[in-house]
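A.B. asks: Below are the chains, spelled out letter by letter.
Protein chains: 2
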Amino acid sequence: MQDSIRVGIAGLGTVGSGVAKILLSNAHLINSRCNRKIELTAVSSRSKSKQRGFPLKKIHWEENLINLARRDDIDIFVELIGGEGNPAKEAIEVALNHGKHVVTANKALLAKHGHQLAKLAESKGLSLKFEAAVAGGIPAIKTLNESLAGNKINRLMGVMNGTCNYILTRMENANLSYEKVFKQAKDLGYVEADPTLDVGGIDAGHKLAILSSIAFGTEIDFDSVYLQGIESITIQDIYQAKELGYRIKLLGVSQKTDNGLEQRMQPCLVPANSAIGQLENAMNMVIYEGDNSGPITLSGAGAGEGPTASSVLSDIIDLARDNKVPTFGKPVTELVKAIPTSRPAPGAYYVRTKLKDSPGVLAKMATALGDHGISIDRMRQTQHEDVAAPVVIVTHKTLPETLSNALTAVAKTGVILEDPVVIRIEDIQ
Amino acid sequence: MQDSIRVGIAGLGTVGSGVAKILLSNAHLINSRCNRKIELTAVSSRSKSKQRGFPLKKIHWEENLINLARRDDIDIFVELIGGEGNPAKEAIEVALNHGKHVVTANKALLAKHGHQLAKLAESKGLSLKFEAAVAGGIPAIKTLNESLAGNKINRLMGVMNGTCNYILTRMENANLSYEKVFKQAKDLGYVEADPTLDVGGIDAGHKLAILSSIAFGTEIDFDSVYLQGIESITIQDIYQAKELGYRIKLLGVSQKTDNGLEQRMQPCLVPANSAIGQLENAMNMVIYEGDNSGPITLSGAGAGEGPTASSVLSDIIDLARDNKVPTFGKPVTELVKAIPTSRPAPGAYYVRTKLKDSPGVLAKMATALGDHGISIDRMRQTQHEDVAAPVVIVTHKTLPETLSNALTAVAKTGVILEDPVVIRIEDIQ
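If you're matching them up, the sequences are chains A and B in order. Counting with the numbering used here, you get residues 1 to 429 for the letters of the first sequence. Counting with the numbering used here, you get residues 1 to 429 for the letters of the second sequence.
The set of hints was computed from the structure by calculation and includes no laboratory data. It is possible that some hints are incorrect.
Which copy? The list can't say, so a pair holds if one copy fits it or any two copies do.
Claimed, not checked - Below, computed lysine to aspartate or glutamate pairings styled on EDC-like, alpha-carbon distance capped at 20 Å:
{"id": "1", "residue 1": "Lys124", "residue 2": "Asp322"}
{"id": "2", "residue 1": "Lys354", "residue 2": "Glu39"}
{"id": "3", "residue 1": "Lys324", "residue 2": "Asp3"}
{"id": "4", "residue 1": "Lys124", "residue 2": "Glu334"}
{"id": "5", "residue 1": "Lys21", "residue 2": "Glu192"}
{"id": "6", "residue 1": "Lys50", "residue 2": "Glu305"}
{"id": "7", "residue 1": "Lys50", "residue 2": "Glu334"}
{"id": "8", "residue 1": "Lys152", "residue 2": "Glu39"}
{"id": "9", "residue 1": "Lys50", "residue 2": "Glu418"}
{"id": "10", "residue 1": "Lys37", "residue 2": "Glu334"}
{"id": "11", "residue 1": "Lys152", "residue 2": "Glu305"}
{"id": "12", "residue 1": "Lys21", "residue 2": "Asp291"}
{"id": "13", "residue 1": "Lys242", "residue 2": "Glu84"}
{"id": "14", "residue 1": "Lys21", "residue 2": "Glu289"}
{"id": "15", "residue 1": "Lys256", "residue 2": "Asp291"}
{"id": "16", "residue 1": "Lys124", "residue 2": "Asp72"}
{"id": "17", "residue 1": "Lys37", "residue 2": "Asp72"}
{"id": "18", "residue 1": "Lys124", "residue 2": "Glu90"}
{"id": "19", "residue 1": "Lys183", "residue 2": "Asp194"}
{"id": "20", "residue 1": "Lys119", "residue 2": "Glu334"}
Since the structure is predicted, the reported quantities are computational estimates derived from the model, not experimental observations.
Take the sequences, apply the hints, and build the full model.
C.D. replies: Written out as structure tokens, the structure is:
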């Protein structure tokens with residue numbers, strides 16, 4: 001056996017404690033798989049006295065995580081305190097500058113500073129690893145960075161925020177409003193302290209930006225991710241979508257188009273019988289479309305102590321086995337600046353609105369849409385044409401700006417009673 | 001950049017040609033991801049004159065694959081000729097004895113000689129890699145061997161033979177008999193030269209044995225895989241299963257039980273709305289249940305030029321990046337002999353038979369079953385009790401031997417007209 005490899009963990013919350021527990025409970029198995037002992041030598045967290053389900057006795061305690069990052073007796077610094085800036089960022093820099101590999105689950109930090117940190121790590125010949133930052137226990141990073149490394153990636157997609165998927169499936173299954181389910185999720189501890197990180201799509205957007213960098217060889221560009229949250233999704237839209245054979249998901253899509261890199265995280269209608277359509281509760285799923293592999297679909301728990309800790313362990317074990325891959329798929333010096341697309345690819349759209357209670361309003365709306373280049377695939381009105389019932393339209397593929405202009409023209413005809421709800425329909429299997 | 005790494009491919013059939021084409025078409029991308037050039041220096045195959053869609057001009061041609069395996073100008077020997085014995089086995093041994101890493105897609109060879117070949121490879125400090133041997137383009141090996149290395153695996157499951165899944169889903173969707181669909185599959189070139197490899201479950205059994213070794217740290221033990229093919233599945237059973245909310249899949253299950261290692265590859269009823277239940281056509285799926293990760297599900301194309309070549313590339317790229325993992329999850333010297341279980345875990349069962357056209361036959365059957373410890377969950381008879389219509393029974397969990405004894409007792413009562421069809425029901429989500 002080689003010398004043991006020594007780990008320091010900053011942050012003993014759910015995930016950090018989970019990692020420590022696995023290192024203790026599965027020690028024999030892990031050491032044998034690595035042909036090397038992995039030792040947890042030092043930790044740092046807010047409260048030393050908190051009960052965490054594992055013994056701290058033989059582990060050095062550091063009050064200050066910066067001191068942990070530069071300890072001589074650690075080889076791997078595991079950052080699990082979170083936050084897009086300091087002290088996490090500073091601690092990682094200190095660790096790299098002191099010759100430690102870094103493992104983190106911090107997607108916010110990576111989305112903002114990942115490129116700079118990767119540059120620092122690679123300049124020192126060190127690894128910066130983050131399997132746990134995207135999609136919990138699912139091997140989203142390794143599959144893209146290693147298994148599919150022989151492929152050009154045509155498109156990547158995913159449901160990457162368990163809280164949003166929980167809210168959307170729960171609304172449908174329990175027939176409850178967004179507000180009611182949001183409150184339940186909050187009470188269950190599913191929602192981040194700043195809820196817009198989850199329901200605003202920001203957290204999932206961070207993950208999408210990380211995957212895009214690896215898939216397309218571009219520097220992380222979170223700022224150009226088109227973001228739309230799930231806050232305005234109503235139970236009515238969920239049921240209308242269901243009637244049409246769709247479910248609504250907070251879906252991330254990233255692809256290289258002729259106009260540049262398209263990255264968007266937004267509620268979408270997806271076919272109810274597709275794998276993503278059937279994803280329930282807090283599960284996550286990613287789909288990679290490689291030019292040779294075809295679509296590869298991965299799913300599993302997107303969060304939680306065990307799954308996230310399992311992914312942190314995967315990174316630690318890679319390091320114990322002396323395995324290295326470029327942080328973002330290629331040496332960081334070869335990544336190119338992303339050129340964000342000026343316009344997303346054409347898509348079909350779901351449009352819901354309410355029409356005035358007078359004869360001929362449907363025809364007026366359809367005509368106005370047609371005049372502005374929108375062709376209608378399906379139209380549904382649950383009640384008689386002349387009653388102010390919701391009307392739902394599914395368009396053929398069009399550019400979002402074309403649709404937006406057309407809807408402005410419809411509004412000018414004076415037939416609609418409320419602002420249309422517009423949701424993209426994503427073409428997946 | 002490092003020195004280039006040099007590849008020799010033995011076998012330029014579909015997959016071998018696919019690998020060569022990708023090495024040429026995606027060369028720039030792959031070299032940049034490896035920070036190293038991957039060169040295809042030499043090949044060997046049956047016919048030099050055959051058109052393969054890529055230029056052979058700058059590549060050395062070897063008539064004899066053993067000569068290819070010992071060439072000084074290759075670092076990686078890629079074996080894609082297949083067959084569980086020589087010449088594939090000899091060629092791999094020669095390659096390892098001459099200091100070459102080996103990449104293969106040959107599950108039959110691995111199931112039989114994998115342990116011995118791994119021993120040779122590891123004794124020489126070389127890698128024997130086989131991502132393409134299991135589940136085509138899906139990263140089944142890497143996920144288990146690396147991503148889940150921090151987990152005890154509780155159970156692994158999978159649909160790993162695309163031909164069988166194609167046949168079973170096509171029977172249902174086109175309402176055709178096994179024989180008719182088998183012939184179609186054969187005409188489409190989906191069936192191996194020896195069809196029992198596919199429809200007899202042998203090929204899938206090979207794959208299951210390989211995964212079991214990695215998951216449970218045991219020497220490969222294909223001989224103790226319980227094998228049952230799909231040849232006797234009728235369209236009637238497919239529809240009866242559907243009515244009960246199930247679909248029939250050739251499902252592999254492997255788990256450690258109190259009685260030892262249980263490995264079985266057999267047709268099973270699985271819930272129609274489960275991920276495996278919804279797997280269509282030639283797709284493959286594996287599910288790993290880690291003690292921390294929870295269930296991780298992977299799916300994609302189980303065969304075909306692009307997907308399989310993508311997995312071969314994944315192995316080659318790992319080697320180009322100098323990344324190494326133990327062949328079967330642990331150093332081969334630490335693998336223990338598998339102790340096959342003496343009896344599979346209890347399961348629910350589907351039983352279909354035909355009863356005599358006389359009063360009280362159902363009651364007689366139910367009584368005989370009950371007397372022998374079989375408790376009935378559901379019973380269906382499509383027509384009136386006294387007509388010789390098929391009767392379908394779903395049992396509660398029981399041991400297969402208990403059920404078998406009970407059915408013998410039922411037969412002795414003289415109420416049944418044909419031998420019962422018995423299919424296991426697998427408890428998955």
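A.B. asks: Against which earlier hints does the structure fall short, listed by number upward?
C.D. replies: Violated: hints 2, 5, 7, 9, 13.
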